[in-house]
Each structure stands twice: as C-alpha cells, then as structure tokens.
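Chemist: With chain L fixed as given, assemble chain E onto it according to the hints.
Number of protein chains: 2
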Amino acid sequence: MLKISKLFFVFLIIFSCTKNEKIDVVSNESSHPKLILTAQGVRDIRAQLGNIPIFDNSLKRVKEEIDAEIALGIDVPIPKDYSGGYTHARHKRNWVVLQKAGVLYQILDDEKYAKYVKDMLMKYEEMYKTLPLHPKTRSYARGKLFWQCLNDSNWLVYVSQAYDCIYNYLSEEERNKLETNLFRPFADHISVDSPQFYQRVHNHSTWGNAAVGMIGLVMNDQELIDRALYGIKGVNLDKKAKDDDGGYLNKDGKAGFLANIEEPFSPDGYYNEGPYYQRYAMYPFLVFAEGLHNVKPELKIFEYKNGVLLKSIKALLNLSDADGDFFPLNDGQKGMSYYNDALVTAVDISYHFGKQDPGLLSIAAKQNKVLLDDSGLAVALGVKNGKTKPFDKKSINLSDGSKGKQGGVGILRNENIELVFKYASQGSSHGHYDKLSFSLYEKGEEVIQDYGLARFVNIEQKGGGNYLKENKTWAKQTIAHNTVTQNETSHYNGKYEIGSQNHPDLHYFSFTNKNIQVSSAKVAKTYPGTDMQRTIAVIKDEGFEKPYVLDIMKVVANKSNQYDFPYYFLGQVLSTNFKYSIPEILKPLGNKNGYQHLYLEGFGKSNKDNTKFSWLNNGKFYSLTTISNTNDEILFTRIGANDPDFNLRREAAIMLRRKNTKNTLFVSSIEAHGSYSPVSESAVNSKSNIKELKVVIDTLDYTAISITTLNGDTKLFITANTEASKEATHKLTINNENYEWSGSYYFK
Amino acid sequence: MLKISKLFFVFLIIFSCTKNEKIDVVSNESSHPKLILTAQGVRDIRAQLGNIPIFDNSLKRVKEEIDAEIALGIDVPIPKDYSGGYTHARHKRNWVVLQKAGVLYQILDDEKYAKYVKDMLMKYEEMYKTLPLHPKTRSYARGKLFWQCLNDSNWLVYVSQAYDCIYNYLSEEERNKLETNLFRPFADHISVDSPQFYQRVHNHSTWGNAAVGMIGLVMNDQELIDRALYGIKGVNLDKKAKDDDGGYLNKDGKAGFLANIEEPFSPDGYYNEGPYYQRYAMYPFLVFAEGLHNVKPELKIFEYKNGVLLKSIKALLNLSDADGDFFPLNDGQKGMSYYNDALVTAVDISYHFGKQDPGLLSIAAKQNKVLLDDSGLAVALGVKNGKTKPFDKKSINLSDGSKGKQGGVGILRNENIELVFKYASQGSSHGHYDKLSFSLYEKGEEVIQDYGLARFVNIEQKGGGNYLKENKTWAKQTIAHNTVTQNETSHYNGKYEIGSQNHPDLHYFSFTNKNIQVSSAKVAKTYPGTDMQRTIAVIKDEGFEKPYVLDIMKVVANKSNQYDFPYYFLGQVLSTNFKYSIPEILKPLGNKNGYQHLYLEGFGKSNKDNTKFSWLNNGKFYSLTTISNTNDEILFTRIGANDPDFNLRREAAIMLRRKNTKNTLFVSSIEAHGSYSPVSESAVNSKSNIKELKVVIDTLDYTAISITTLNGDTKLFITANTEASKEATHKLTINNENYEWSGSYYFK
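So the protein sequences, as listed, match chains L and E. Under full-length UniProt numbering, the first residue of the first sequence is numbered 1, with each subsequent residue one higher. Under full-length UniProt numbering, the first residue of the second sequence is numbered 1, with each subsequent residue one higher.
So here's chain L without its partners, still in its complex pose (with noise of 0.2 Å):
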C-alpha cells in the first residue's frame, strides 16, 4: 500500500510540474486528503516548501512539536477529570497532535506521522468500542472522553483531518474497524445520542454539526451529512425547555450547521453572542464549511446567506481594537485578539476562498502563521510576493439578528479614537442587560470600559475556571455598564425572557464625514413607559488636538425616576470642578441587581451648568464635561463590594445620578488630549478645550447642543431624533437664527 501512495505522489508531482492550471486527477469523492487538504493542495505546497517564508516557518514549528510529542509516546488514558486534569488535558492535546501529524504526513510525506497517527487512532478505537459515558455528572449532556459532549466534539473535529490525512495510508480493514468501532458511534454519540446538545441553535451545536458533517465527508457518509446540515431528522425538543444559562434549549425547533449559520448571523457577519464567542464559534463553522467547499462545491457553502460565513470574519476582524483585541462586548474575556489560532483559520480562508483582501495579508504576517493547508499557502504566497496591505479599520455598523433588524453594533473610529456603541439584541445566554452602552478606547487601550465578563478562563483556582456567580450578580447587570440604570433596576428587569424578546432598533448612523462619525439608536421597554435614545458622536474639529466624544442621552418617561449613569473610566482622578466628600467608611451603594458590589467612595453636588472631571490613565489625559444642574448627584463608586473571592477588578465610575426626573437629557463630551511623560515629567495639553456645553434646543423632533471651546468658538450639533434618513431635509429656527440641512445631523 505504502509503496504504490508513494510512486503515486511521485507520478503527481510530476504531473502537477508538467501542467501549471490545477486539475483533479481522480475524482473529489474517492481521493484523500479531501476534507481541508486536497490532493492538488498538497501538490502545490510541496512544490513550494522552502520558498514560503511565513508557511515554512508554520511548518518547521509544527514539525518540532509532533516529533516531540511522537518522542513521548502515546497515551489515551480511561476519561475520569474535568477540565484541569490530566485524562482532560491529554485527550485535548491528542486531538491536537493528530490533526498535526495528519498534516505532517501529507506536507512531508514521511510515514512516521501517518503510522504514528493510526497507532493512536487504533487505541482510541480499542477504548471506545466499550466506553461507558464520561464518569464526571455535570454537563446537560455528557460525553465519552471527556465530562462534556462540547468537546468529544471538538475531538472529532481535529480527528477527522487527520483520518482524512491517512485515509489512503490505511486498508480498507483498518478503515473499516475505525468506522464501525470510533468514528461512527462517536458521531451518534454527540447526535442522536444528546440531541439537549446537537439539535440546537447555539455555538455547542455548531460544534456538534461540523463534527458529524466533517467525519460524514471523510467516511462518503451521505446519512451524516445530512444530519449534519439539517439536525437529526425527526427529532424535535421541547420548547418550552431550557438550558442552564436560562435560555431555551430550542423554542423554534431550527437545528443542524444551516440553521446555525441562519440564525445566528446577521446579513453583516455580526455573531449574536458578541466577537468572544464569534471567536470560539468561528473554527467549526470555517472548518466545516471549508469541508463542504472541497468535497461537496455544488453546495455553495460560502455563498450560503449571501456570503455572511466571510462577511462574518470580516465582521469579526472589525470587532477588535488597534491591536487586534476583542471588544469584550457581553461574555467577553479581554485579551482575546485576532492572535487565537481561530482567527489564523478565519484569515486564511477568508483569503483564499474570499477576494484575495489584501489587507488580511498583513494580520496574517502579525500573526505570523498560516494553516497548512491549501488557504495557509495561498495566503504565504500573497506576503511573499509582496501584495500585504494595511487592514485599515473603519467606522462600521454592523446589525444583529438573523435579518439584520435587531439593533447592532456601531464602531466609531476616528484618527486613535475608537468607540464601540452597543445597541445589539439580548446576545443569547452570553448576552449583557447593557442597552444602549458603549466604551471608548485610545490607540487599542480602554479609557471608558466595558467590564466584560467575571471569570478567568481555564484557570482553575477561580471557580474551575467557569463563570463566576459575579458574572450573573455583576457583569451582566446595567450598572456594570455605561449607560443609563434606571431607578436601580436592570434593563427588561435582568430577565433573560423579556430581553431576548426585545432590542434596540438603529435609528440612524452616518459616517460619510470622515471628521464626524455619528451612530444614534432607540430602546423602549427596557423598562416599563420609558423609553431611551442615545446619539454618540466622534468629532475632529479645528482647535481640538484629537476627537472628542459628543454623547447625547434622551430619556423619555410616563414617571418619576431615578437615573444613574456612569463612565467606568480607568486611570487616576485629577481635577473636578465640583466639590466632593468622602465617606470615612465605604459602604455598597445597594443591596441587588449589581450595586451591591460598588462601594461609594466620594459623593458631591454639581454647582454649576457644566459639571467637569478629568482624568489620566496610561501617560494620557482625558475630561469629561456633563451638562447638569444644581440637584444632579455626582458619585465616585469603586467596584469589589460583597466579593468574598476577590473576583472583581477594584475599578472606577463616576456616576451621575438624577432623582426624581421624568424626561430628561444627559448631554456629556469626552476629551482625549495631551499626555504625560515619566521619562520627561512633562506634561502636554493637560487640560480640557471645552468651556462649555449647552442645550441650545430638546424637542421631539430635534436635539441641538452647542460647544464652546476655551477661546470662544462655538458650534452646534443637531440631531434628528425622528426623521433621519441621508435624504430628509431639515428647516429649523433657533434664537432667530435659520438652519437648513439634509441628512440625520447637522455641525457647523
């Protein structure tokens, strides 16, 4: 067997040396590798090994490691730990090595990796053939390596690369032993078997689809392909169940790798659950989807839902700060960047199976790492031959829901600034009661934050490295967020039924301008007769040394209220304006719905008609200026009350707090400017440019806010709050003087 597959790959090379247009020599159902190598790929890169720096270098680090791991020999221990412990950890690290040393065989073509992997394979298949369910009882559907059905189908995923990698090394015996004794109970195990895990809507049942669909194209498995793209036929859950998270197991019956690319996705890539779990998502579904591309083309997979499988990368690679981290937008660990191997999958095949951007060339090279296969080719082809580009980010909207109706996600960006503006849907079981919030950054570092969430993943000394309880009693609350709380309650009441059955809806963004980018969006009913309108603009004007942030809140109510409304800024209190006290003992500042955990630490009264505070965090000032009246509350909270743990991060807000209101406006710019030296001990441009902030007009139709800068000057920004579309025109007279524009705002 092994002497005819060599003189086979020697006859192909020859032949693909010979003829430079790619051609299938036999036909895409029998040859091997197929799934995510192909046959021709493999021809190609070994025509090319030595000659492709970033791929050589992916390779070489690739190699290293398997021989290692080849060195120690083979384990597959009986499961018996959660994640943490060793059985855990080294069913982990095999998936990993066999899809490695797959690979290695088909790039190298040296039969130690192809034997090494059917050894193992063997063992597995030895094990399984008798393997009761994992003996750990945590998970809503357990598997059989390990506690969670989530990653035997990971597993799965890996190890069908490499069985497709040494499909033609095998016999048909050994093949045939694999099939019936591993591979194919393993599918019915994550399927059929745990249908709580598989026939659903959710990033656990993308993994369990691609996993079915990816064995299914390796074994020609027509039946797993078929469930893997539809759900298990049949089958259909209880509606009216759910999860642990809370969320429904499955109300609309929707299940299968279509579905979840349907529902989930907007038509502009945005991912429901936010960029972190986009991440985590984004393997199997490029994976599997470049699975189909190359064994089942007639499908179209990329093209499914208007091409939103490489819009969504694309979506993705826009969700991440100037350097490449996440936006920790609901359940979101920070430090997540587009340096996760997920996202080295998600360029590569955006590359190659997208329109060759040339701009993913150039994370690519940060990444420095490409897959080994036929996209990681094309794309260290691309930087080789010198066609990198800069991925310039822009500002974007971005919608959520499954029709793009559901609010979004707007991403201001102008010069170093960058604001993200969160008026997406509830975010599924991730989702956080934030409506309406958003953070501000600087040159990828945060000044205004977004919590995130409260865990730390994989470490296991924090709650085994799960969500924490503080993720549900803080990170998801409304006051964990920058954006208006209401009589210190949480958006839809914290719960997941109301939230998930609303959302924001976009009511205008323009960013035509390039010195003015504005994103304004609406919410009703995250609490009863209120309803809420936020208009965030970045503005780069004359006499400002960097944009400055316009945020404009209209809170409309059929009662008195209390609103809070705090900036988690970071860094180090400089100035205010106002006077303050602080309390000889902190105390929380509540008992529910996230103020148990904030300690008040100093509380004032605005004086005056602009109530100001600045700031300095990273050798950068900053200033708030709020516009405000005598009976606004100013407080200075801290978070970490109530955390027996040590949870939380022990950040701060200030906070505005007005009593008593029914309508009312919160009219607030946010300056970046200046900087701050340790070397130097200089100090440049260290105070705010702003003298003041005033409501020229608040009408339902129209809010206008005027800014005088410290040497007189003043403009007026105008915002439609009801009719904006680009084309409306606008006639507005304010003190006699006539303003006439077309389009959502006016600036002059």
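These aren't lab readings, by the way, just hints derived from the structure by calculation. Remember, it's a predicted structure, so these values are computed and weren't measured experimentally. Hints should not be assumed to be uniformly reliable.
No copy is singled out in the list; a pair is fine if it fits within one copy or between any two copies.
Okay, derived cross-link-like pairs now, EDC-like style, lysine to aspartate or glutamate, Cα gap no bigger than 16 Å in a straight line [unchecked claim]:
| no. | residue 1 | residue 2 |
| --- | --- | --- |
| 1 | Lys612 | Asp645 |
| 2 | Lys726 | Glu488 |
| 3 | Lys311 | Glu263 |
| 4 | Lys334 | Glu681 |
| 5 | Lys393 | Asp357 |
| 6 | Lys579 | Asp645 |
| 7 | Lys691 | Asp341 |
| 8 | Lys559 | Glu179 |
| 9 | Lys92 | Glu681 |
| 10 | Lys687 | Glu460 |
| 11 | Lys659 | Glu488 |
| 12 | Lys129 | Asp341 |
| 13 | Lys691 | Glu223 |
Modeler: What follows is chain E alone, placed relative to chain L:
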C-alpha cells in the same frame, strides 16, 4: 570677526585632517568652545558628520527643533509664574534652546544660530540688569527668572554652554556687556545672595555649584571657579537651621561641588537619595565635571574620590529594572528610566571619559540619542563600528554612606527575577522609613511593589505638581513598605532626626554561586529595644521553573509587640489555603502612621503551619508561602482610605499580623511560576511547587529553614546570623545530622 572665524575653522579642519593625533592648537584658557564641546571635538565631529548614524540623527532632530524655535521668534518675558505657568515654561524652554543653538552653531558652522543665541542673550541682559526677585514667594531661596534659585541655576548650567559656543563670535565689548550685566550678577544671586540654597550638601546646591563653576570656566574667572568647587568663602550657615523637608540646612558646614561629590556618594557610587534623585542630580555633576576635565584637567575630576562620578553612573544603571526603569526607592516617581536625557549624558560621558565599556553602547543604542559633543561622537562611533555588547546587569551590592559604612542596597538578579533589598541609610530629606524593605520584579514588571512617591511631578492639577501631603502621611511611612512595622508606628518613630543618625548594616552578601543570590542585613534602633535581621535569598533550584525568593526576617525584642508585615502584591487574588471573611463595610485600619490610608478588605486566621496565597499578575502566577501559627492574623488591605483628592493608587497588600510577641521569625517564600495567556486561554504551571517550609533551628548564631517541594524533595538553607564572613567555617548538628561548611550560608 565672522570671516576671520570661518577662515580659522577652515585652517583647523585642514590641520586636523593632516595630523591624526589630537593637538591643542591654542591653549585651553583662551580657545572656545572649551567647556563641553571642545575646539578639537568640533573638528572631529565635522570630519565624521554624515557617517555616524546615531549622532547624525540626534543632530537632525535638534536642528529641526531649533529651526522651528527660531521661526517662532524670541520671547524673554518678565518672570511672574510658578512652574506650570507660561513665563516659567518659556524661560525653561529658552535655556534648552540656547544650549542647543550654540551647539548647532559650532557643528554646522551656520551663523544664524550664533546670532539667535546672541540676540536672546542680549534680551536677557537687558532684562536682568534691573530685574528684582521673582514675585512668587513660596521658595526658601527665590530666583529672579524663576520662583526658585534651583531653576535659575538650571538655566545657567545650560546657558554657560551656549555662551561658550558663541564666545568667539561675540566682540569683546559684547562679552563684557553680558558678563557684567548678566552672568556675573546671575552667578552672584544664586550663590553669595542665596547661601541657604548654595552653601549646602544637597542636590539643589549641586546645580548651584555647577552653574557658578561653568560660567566661571567660560569666563575664566578663578573666583567663581573656586566658589563652585569649595563653596562661598567665609560663609557658614546656622548648623541647626532646617529646610522645608525637615532636613538640616547644613549641619557640618560642608559646601561646594567637591563636598557634594564627597558626601552623598558612597565609594560604590550609590547616591544617598536614591536613583530617582541621582538621575536628577546627575546632569550638573557630570556636565560640570566634563567642563572641569576639559578646562582644568589638572584637577583630575573624574578620578576624584577613586573615580566615584563614573562609578555612580554604573551604580545608577544597575538601579534600573530589566526595562531600564529606575527602582522607585525613597521618593521616586515610577517610570523614570535610563531613557531620560540625563542618562544620555551619563552614558556618553561614562563611555568617553571612562573605559569605553561596550555594554554602555547597547544602552546608547536603545536611547537612540547621543550628546552633540565629543563624548556623543565617541559613542556614535563605537556603535557604528560594531563595538556594542549587551549591558549585562548582574547581582550587585551598593554600599551607602560617604565612606560606604551606612548600609546599602542589594540587587539580587537571577534569570528574570530581580529583587531589590533596601538596607540603606535615611536618604536625606527624600528618604522613607523603610529599613530592610524589598521589592520584587519579573522581566521588568513589578511583582511586589515599592509604592514610590505620592506626587504627580509637573502635573499642575495635582497640587501644582509638587509633593502631596500623602507623601508624608502614606508613602514615607513604614507600613507602606514590605517590611515589619512594630506597634503601628514607623521606623525611628517617623522622625528624620533619628532616622538620619541611624542606619542598617550589611551582614553579608554572596553572589558567587550563580544559582543562589543572598543578601543579609541588620538594623537596630528602628524601635527602641528591637533588633531586626533580614536575610533574603533568590534561589534557582531543580524542580522549580523559575528562581524563588526565600525571605527570613528575625526579630529580637525586649518586650511584647505587635508586628505587621505586608506584601504589596500587584494583581488578582487567586487562592488561599486559609479561610477569610470580608467585612460588609470598609474601615480604615488605623488612624495614623499610614494606617489611616489602608482599608481592611479581608480578615483571616491561619489554621496551618504554612499559610499560602496565590495571585495572578500580567499573565504570570505567583505564590507566597509563609510559616505561620494559629494565632497569626492575615489581613487583606487596600490603599485609599482618607484620601480626599484620590491621590493614592488603590492597590492591595496581604499582611501578616503577629500580636503579643517578643522574639519572632517571619519566614516566607515567593515563587514566580507559570503563565496565562488570554489569547490561547491556557494556564500553565499555575500552582506553587512548595509543600512545606519549616524552621529547623533558630538560634542566636544560625537560622535553618527546610524547603520541601510537592514531590517530596527537601533542601536546607542555613544562614549564619553572627559570624558570616566568607572565610568563616561552621559546624552544626541538627537532628543528629552534622553540617559543615565555610562561608555565609549553607544550601543543599
């Protein structure tokens, strides 16, 4: 005049091209420039221009800077502001501009720079001859251009250089005018008119001395030179008078530049105020020394006190972490580093006038900047000619005190771990009450921090950029440091008079075994009747991923006391092996001596022989293991109570509290281990490797600690508490085992 000068230069260049060795064409006394730039240096520089990248780039940046200034025009405003105000900033800027323009005139031979310097100097002359004292009255020694003589002296140190550069460009009449109306009265004002400023051993006086001496050298005025070197003849200050910081003005009558070298520098080159102020004082020390070397070589200034000036540069560079940031000992602002311009001066002078240490070139390359003078040329040529070697920082012990007998600072370096053990003397008025304290770094990042100062230097919003009251109430206090506080009072009762008359003493240091770095020091009289001895080792041992710290603090007291021993860790609490409770409300831990600034955030009691605590910082894991008894209290504290202006950083400590105890021993290990990546989300080696620490014996003469790892390996560390010379031999029987060794400690 100009034509002659140009012809003269042409002659000189030709001359220097035909002869290779340096020849003084005219005597030092009359040729100009001669102070920092020399006539010969200028010839050498011109010959190399365009061929010395770092120099060329530095020159280019300076030229751009000065050309822009010239375009703006000259402004010499009537002085009226404190620092932060316009006139202060302008005069400060002018001194920089004058010095640089003078250098450009010499190097580029472009008359426009000379004219610019002349024009500005004439404006100063015009103003100065009738200028009264500066209107602001806060300083103990008011200047004329600035609110304090210190800044006037800064001005003259720089402007002397400018004057020297254009000396030959000016007519004799012009020189007479400047010297009579500006320089001579200027020098008199900061010296004979301000003896309380000038006639001291203090960094302020050093600036004054250098200013007077440098203008004296340019003017060839022996009286000024002598006044600079030896102080004002016949003036003696009241020996009991004190300055604003509580230090004596001049207790022993010493004054002048030589006394300012003699007193504050130890023979090892440690400056008694610490690295932050050494950096500040460095410039006048070195630039005046360079001038003296050039004009009065017979003084052999760089050999003075066994070459202490050049040694001090080496000491200073060693007092920086892996990133080049100075350890914030005493009053030190974090972030100050060897990228500061004063260190460009220091590195270049050290290289040129010292032994051309190739390690200095690597720092110069990082600085990417050289002085535009003879020394900068030497460095630029060294780098260009490939002589650069890494500046290899090793463990080092730096004695303190003018004779090296007043304690010191030990820096223990072992792979990426740096431990700074401070057993120095009081450190003049900038000292902290922190005897036997330490701080710990990994790869240039703080692990166990020294708080530094409570000040935002030059940030006007924070108390005008001056010292904040929390510097005294918090930063200087013992409880703000990683050492023992007895009965909630600071060392020496927080009194400068007592602190400045006492100091710790080195017991031993041993750096010969590269795997084991040890330093031990003793101190008496921090508290009456209490002696302390601390021995700190950084040990690289088999079975440990990284070097760990072993910390032994032995306290011998004549009565029962309470001992508080904090570790100011940075990062997030991960786990403890003891139970603790958190209070519902946060209260200050005490009401004075720094305790009023600490909140108690958690309280526990040890229930084991070893108390363990782990934390995570910047993606790295750390564990503290400390030998404890069941009466030991464990407190989690956080800085920030009674801080009405948010001047303090809200950072944490874990504090061991031992009550009602006479003699005692605190023994702890600190391990750095593993890593966490938020990109791969993998936690590697996240747990302590130490199973148990145990006191095996503790006598007057010996303390022996056993360290047992998780896999059961036990090592014994014995430190000799009394006789610890390298030659001493020791015999000791512990549990029937005999131990024999020679030297300070035993480890096996």
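Chemist: If a hint holds in the structure, say so; if it does not, say that too.
Modeler: Hints, one by one, checked against the model:
1. For the homomeric pair Lys612 and Asp645, the shortest alpha-carbon distance between copies (15 Å) is at most 16 Å, but the shortest distance inside one copy (35 Å) is not.
2. In the homo-oligomer, the alpha carbons of Lys726 and Glu488 never lie at most 16 Å apart, since the shortest distance is 37 Å inside one protomer and 68 Å across protomers.
3. With identical chains, the CA atoms of Lys311 and Glu263 are at most 16 Å apart within one copy only, with a shortest distance of 15 Å there and 70 Å across copies.
4. In the homo-oligomer, the alpha carbons of Lys334 and Glu681 lie at most 16 Å apart only across protomers (11 Å), although the nearest pairing inside one protomer, at 31 Å, exceeds that limit.
5. In this assembly of identical chains, Lys393 and Asp357 lie within 16 Å of each other by CA distance solely inside one copy; the values are 13 Å within and 47 Å between copies.
6. Taking the shortest Cα distances, Lys579 and Asp645 sit within 16 Å of each other only across copies (10 Å), while inside one copy they are farther apart (34 Å).
7. Within a single copy, Lys691 and Asp341 get their C-alpha atoms no closer than 48 Å, and across copies no closer than 36 Å, so neither meets the 16 Å cut-off.
8. Neither within a single protomer nor between protomers do Lys559 and Glu179 lie at most 16 Å apart by alpha-carbon distance, with minima of 66 Å and 79 Å respectively.
9. Taking the closest pair of Cα atoms, Lys92 and Glu681 come within 16 Å of each other only across two copies (13 Å); inside a single copy the shortest separation is 50 Å, beyond that limit.
10. Taking identical chains as interchangeable, the C-alpha atoms of Lys687 and Glu460 lie at most 16 Å apart only when they sit on different chains, with a minimum of 10 Å there against 45 Å within one chain.
11. In this assembly of identical chains, the alpha carbons of Lys659 and Glu488 lie at most 16 Å apart only when taken from the same copy (11 Å versus 44 Å across copies).
12. For the identical chains of this complex, Lys129 and Asp341 are neighbours neither inside a copy (32 Å) nor across copies (71 Å), given an alpha-carbon limit of 16 Å.
13. Taking identical chains as interchangeable, the C-alpha atoms of Lys691 and Glu223 are never at most 16 Å apart, the minima being 70 Å within one chain and 55 Å between chains.
In this structure, the earlier hints numbered 2, 7, 8, 12, 13 are contradicted, and the remaining ones agree with it.
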